[in-house]
Amino acid sequence: MSAMPPPSPEHDADRRQAHYRYVLRLGDTSLVLGQRLSEWIGHAPELEEDLGLANLALDLIGQARLLLCYAGELEGRGRDEDALAFLRDAPEFVNLTLAEQPNGDFGRTIVRQWLLDCWQLEIYEALTASADTRLAAIAAKALKETRYHYRFSSGWLVRLGDGTEESRQRVQGALDELWRFTAELFAPDAIDEVTQAAAIAPPLAPLAAHWSARIDTDLGAATLRRPAVQPYPWHGKSGVHTEHLGHMLGEMQHLQRTYPGARW
Amino acid sequence: MSDDWPLFEVFIRSRSGLEHKHVGSLHAADARMAVEHARDVYTRRLEGVSIWVVRSVDIVASDPSEAEALFEPARDKVYRHPTFYSIPEEVKNL
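Protein sequence lines, in the order shown, are assigned to chains A and B.
Residue numbers 150 to 413, in the working numbering, belong to the letters of the first sequence in order.
Residue numbers -8 to 85, in the working numbering, belong to the letters of the second sequence in order.
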């Protein structure tokens, strides 16, 4: 049996950097989606939905805090959750492109939420078995929240898809428009490969199959049509974003940028 | 839109062993949505471990104009109160 060559310092540094970037991606996706949902506060179609969306947003921002705090420690440059959330520019954000897409109408928000809830269900569930026990613990907590988010979003998807002619047209239109961003959800890159080799992150192919099956089941219940595959060249998780993220961050970061270190 | 959604009454059990108590009402399109709304509106601060919802129209209520006939006759029957018994200290929720 041949011994593995001892890992070089460069190898360790690469792995640590990939570990940091992987956790940062998860945190950024939760943060950006949570911020988007919080834009509904005071504007949702019903008081109860206003609270419901705010609850989802708070869960997601709570996940982002845990993940960004951890990412900051992995990076080792002294950046805490606030520095990562409020003092980075759009190209430094590595969230999934789908999460930053604007809310649109209530139906579009539901479609975006449902697609990402289904993604988080797979990712968090798999991460509960991660070799990184801290990440596994964060995933276990987030998974409970995500199960409720999915109950909420899939319920609305069916209600709107199998609802009136207008609600059906609106959610189908939103699905057709947002579908291209789903190509990114399970597309592995170098950071995924390094973290998978270290058993930090799960292999994505089996998760993609589960995700796809769940999507088909829900679309069937909602009497909606699955759009054709649409290859899309944008990669939010590599820092390449649509124009929407910068505008969103402008609002989200305004206070900290204008009054650095402000607290209450 | 609320005008189109039926009203539901919400009952929350605050912890195991206690009864569900009426906490308020809300609008929802269907029973599943009513449970979700109740969760989001009434259990944000760990108020409950169980939720019941029931459509308000399904509740049969007593008529306030009949209050005298229904409730006054009990007023002079003090012997129905279990105040003549001593309650063991271990009994918390009587």
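Since the hints were made in silico from the structure, they are not lab data.
Possibly wrong hints are sitting among the right ones.
Using 20 Å as the maximum straight-line C-alpha spacing, the simulated SDA-like pairs for lysine to any residue come out as follows [claimed, not checked]:
hint: 1; chain 1: A; residue 1: K293; chain 2: A; residue 2: R308
hint: 2; chain 1: A; residue 1: K293; chain 2: B; residue 2: E38
hint: 3; chain 1: A; residue 1: K290; chain 2: B; residue 2: T34
hint: 4; chain 1: A; residue 1: K290; chain 2: B; residue 2: L37
hint: 5; chain 1: A; residue 1: K293; chain 2: B; residue 2: R36
hint: 6; chain 1: A; residue 1: K293; chain 2: B; residue 2: G8
hint: 7; chain 1: A; residue 1: K293; chain 2: B; residue 2: V40
hint: 8; chain 1: A; residue 1: K290; chain 2: B; residue 2: K12
hint: 9; chain 1: A; residue 1: K293; chain 2: B; residue 2: L37
hint: 10; chain 1: B; residue 1: K12; chain 2: B; residue 2: W(-4)
Taking CB as the label site, the calculated pair distances span [to be verified]:
hint: 11; chain 1: A; residue 1: T372; chain 2: B; residue 2: W43; range: 28 to 38 Å
hint: 12; chain 1: A; residue 1: G322; chain 2: B; residue 2: R36; range: 37 to 47 Å
hint: 13; chain 1: A; residue 1: A280; chain 2: B; residue 2: S41; range: 49 to 59 Å
For clarity, every value in this text was computed on a predicted model and none was experimentally measured.
Just so it is clear, CB atoms sit at the ideal spot from N, CA and C, and this is done for glycine as well.
Now for the hints, and whether the structure bears them out:
About 23 Å separates the Cα atoms of K293 (chain A) and R308 (chain A), which puts this hinted pair outside 20 Å; it is violated. About 18 Å separates the Cα atoms of K293 (chain A) and E38 (chain B), which keeps this hinted pair within 20 Å; it holds. Among the hinted pairs, K290 (chain A) with T34 (chain B) is consistent with the structure: their alpha-carbon atoms are about 18 Å apart, no more than 20 Å. Taking the CA atoms of K290 (chain A) and L37 (chain B), the gap is about 16 Å. The hint holds against a cut of 20 Å.
About 17 Å separates the Cα atoms of K293 (chain A) and R36 (chain B), which keeps this hinted pair within 20 Å; it holds. Proposed proximity of K293 (chain A) and G8 (chain B) is contradicted: the alpha carbons are some 24 Å apart, above 20 Å. Our distance criterion of 20 Å between C-alpha atoms is met by K293 (chain A) and V40 (chain B), whose separation comes to about 15 Å. With a C-alpha separation of about 29 Å, the suggested pair K290 (chain A) and K12 (chain B) falls outside the 20 Å cut-off, and the hint is violated.
Taken as a hint, the K293 (chain A) and L37 (chain B) pair is honoured in the structure, with Cα atoms around 15 Å apart against an allowance of 20 Å. Among the hinted pairs, K12 (chain B) with W(-4) (chain B) is inconsistent with the structure: their alpha-carbon atoms are about 23 Å apart, more than 20 Å. For T372 (chain A) and W43 (chain B), the Cβ-Cβ distance of about 31 Å falls inside the hinted range of 28 to 38 Å, so the restraint holds. Between G322 (chain A) and R36 (chain B) the Cβ separation comes to about 38 Å, which falls inside the hinted range of 37 to 47 Å.
Roughly 38 Å separates the CB atoms of A280 (chain A) and S41 (chain B), a value that falls outside the hinted 49 to 59 Å.
Against the hints set out earlier in the document, violations occur for numbers 1, 6, 8, 10, 13.
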